[in-house]
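Visitor: This is what each chain is made of:
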Amino acid sequence: MKVITANFVTCAVKECKTSPTSFPLHFHDAELEMQELDFQPEFIRNVIPRIDWEGLRVTANELGFPSLPESKPEGEALGDEQTLKDLHRLLLETQVMEGKLICGNCGHEYVIKEGIANFLLPSHLV
Amino acid sequence: MSRPEDILPPDLFYNDNESRKYTTSSRIRNIQADMTNRALELLDLKSPSMILDVGCGSGLSGEILSQEAPEDGGPHTWVGMDISPSMLDVALQREVEGDLFLADIGQGIPFRPGSFDAAISISAIQWLCNAESSDVSPEGRLKRFFEGLYASLRRGGRAVCQFYPKNDIQRSMISGAAIKAGFGAGMLEDDPGTKNGKLYLVLTVGGGGLQGDIRGVVNGMDDVDVLDARKKAMEVNNARPARKGDRAWIMKKKEQMERKGKVVKHNSKYTGRKRRTAF
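In order, the protein sequences belong to chains G and R. When we follow UniProt numbering, the leftmost residue of the first sequence carries the number 1, and every step to the right adds one. When we follow UniProt numbering, the leftmost residue of the second sequence carries the number 1, and every step to the right adds one.
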C-alpha cells in the first residue's frame, strides 16, 4: 500500500465515520519497500490540495521518515522540483508490504499482506 | 448463458481457477479493455488523476489506467477494491501498479471525503443485487456503496459503472440507489438491443462548473442519442386512474369484453355520454 493511499483511507466501521480519531489509521510493524515509479509533477500538484498534511506527518513519523515541514507546501513551493521529487518518493514510491493498520477510535486491526490491506469487516461491525 | 451472479457469491465464485481463466481469456480481456476505454472517454480526465477502481479484479482495467498516454491526460494512479482474494492474487502476480484492497463494496467505501477525482467500475456492481446472508439486503448494500462512493469523490468528479443487470428491476434498483445517494445519474447504452449491448451508469457529483448530469458528459460525443425518460415517467405518475363510470373506464371495459369475444356496440362520439334530462 502506498503512503498516499494511507492518507486517504479511513476506518470502515460505521461508528468511526464521525470520530476524528479514526483518521489517520496508525501503522504497526510496517515493512517498507521502495518501488521506482515514473515521476509525475502534474499528478503531485493535482493531489497535494487533497492531502491531509497533519495525517501525513503522523504517518511519516510512524514509518520512521525524517519529520516533514510543519505546513503543507503551497503556491510557490510547488514550483520547486526537489520538493515535488521528495513528495513523489514518500507518497508514491514508498510501499507498505506487511504490517497492520489500526484505527485510533475502535482499535480494529486491518492486516496488510503483500501490500494488500484486508478491509473486510465481520458482519457485526458493518 | 448462465449468470455467475446466480451461482455463488463473488468471493467464492472467483476462486483460483476462475480468476486465472478470467484473466487469461483473450476474449474477456478484449471486452474489458474496450469497456475501460469507453469509461475513460466518459470520465474525460484532462490530467493525471487519482481513480478508484471498484471491483478491480485482477487489474485488467487498472492496467489501462496506468498506461494511459500523457497526451490523453494519463497516466493515472489508481486504488482498486475487490472481494475475491484469488483475483487479487492474480493481480499481484501480474504486478499491477495500483494499490489493492480486499474489501466488500457493499460494506461502504472506506476513504476520506473528496479523495478521488473519478471512479470506474467494470462489470461489478450487479453483484450487489444479490444478498448472500439474511442479515443484509441488496437495497442496504447498494445504499452503503453509493453513499460511500458519493462521499469519496471530489466535487465535480465523475463515476462510470459498467454493469450487467439481470432485468429491468435490477437496472432501476441500481440507478435508483445512485440517485438517492445524491448523484446526477444517467445511463449510456452501447449497441442497445444486441447481444453485446453494454450498459454504463454515468454518475456526476455536483459542483465544479459541470453541467449536472449525463447530458453534460455526452455533449460533443458522436453517435449518441439522448432520450429523456423523466418527462414520460412524470406523465405516468400524474395520469389519473380511470374512475368507474367515466369514458376511459367504459372504453377499457368494452375492449376487455371484445377480447373475450362478446358482442360489443361500436364506439362513437356518443359513447359514455350522459343522456339529456327528460324534462
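Calculated from the structure, these hints are not laboratory results. What you are looking at is a predicted structure, and each value in this text was computed from that prediction instead of being measured. Yeah, the Cβ is synthetic: ideal placement off N, Cα and C, and Gly gets one too. A portion of the hints provided could be inaccurate.
[Claimed, not checked] Each pair of labels, with its calculated beta carbon distance range: (1) 196/R <-> 69/G: 32 to 40 angstroms; (2) 123/G <-> 180/R: 18 to 26 angstroms; (3) 19/G <-> 93/R: 34 to 42 angstroms; (4) 182/R <-> 54/G: 22 to 30 angstroms; (5) 19/G <-> 249/R: 40 to 48 angstroms; (6) 34/R <-> 67/G: 29 to 37 angstroms; (7) 54/G <-> 197/R: 19 to 27 angstroms; (8) 248/R <-> 19/G: 40 to 48 angstroms.
Visitor: So, for every hint listed, does it hold in this structure?
Guide: These are the hints, each one checked on the structure:
1. Distance hint check: the CB atoms of residue 196/R and residue 69/G are about 54 angstroms apart, inconsistent with the given range 32 to 40 angstroms.
2. The hinted window of 18 to 26 angstroms between residue 123/G and residue 180/R holds, with their beta carbons roughly 23 angstroms apart.
3. The hinted range of 34 to 42 angstroms is satisfied by residue 19/G and residue 93/R, whose Cβ atoms lie roughly 38 angstroms apart.
4. Restraint check, residue 182/R to residue 54/G: a C-beta distance of roughly 28 angstroms satisfies the suggested window 22 to 30 angstroms.
5. Between residue 19/G and residue 249/R the Cβ separation comes to about 59 angstroms, which falls outside the hinted range of 40 to 48 angstroms.
6. Between residue 34/R and residue 67/G the C-beta distance comes to about 48 angstroms, which lies outside the given range of 29 to 37 angstroms.
7. Under the hint 19 to 27 angstroms, the C-beta atoms of residue 54/G and residue 197/R, about 48 angstroms apart, miss the expected range.
8. At roughly 58 angstroms, the beta-carbon separation of residue 248/R and residue 19/G lies outside the given 40 to 48 angstroms, and the hint is violated.
In terms of the numbered hints stated before, the structure departs from hints 1, 5, 6, 7, 8, listed from lowest to highest.
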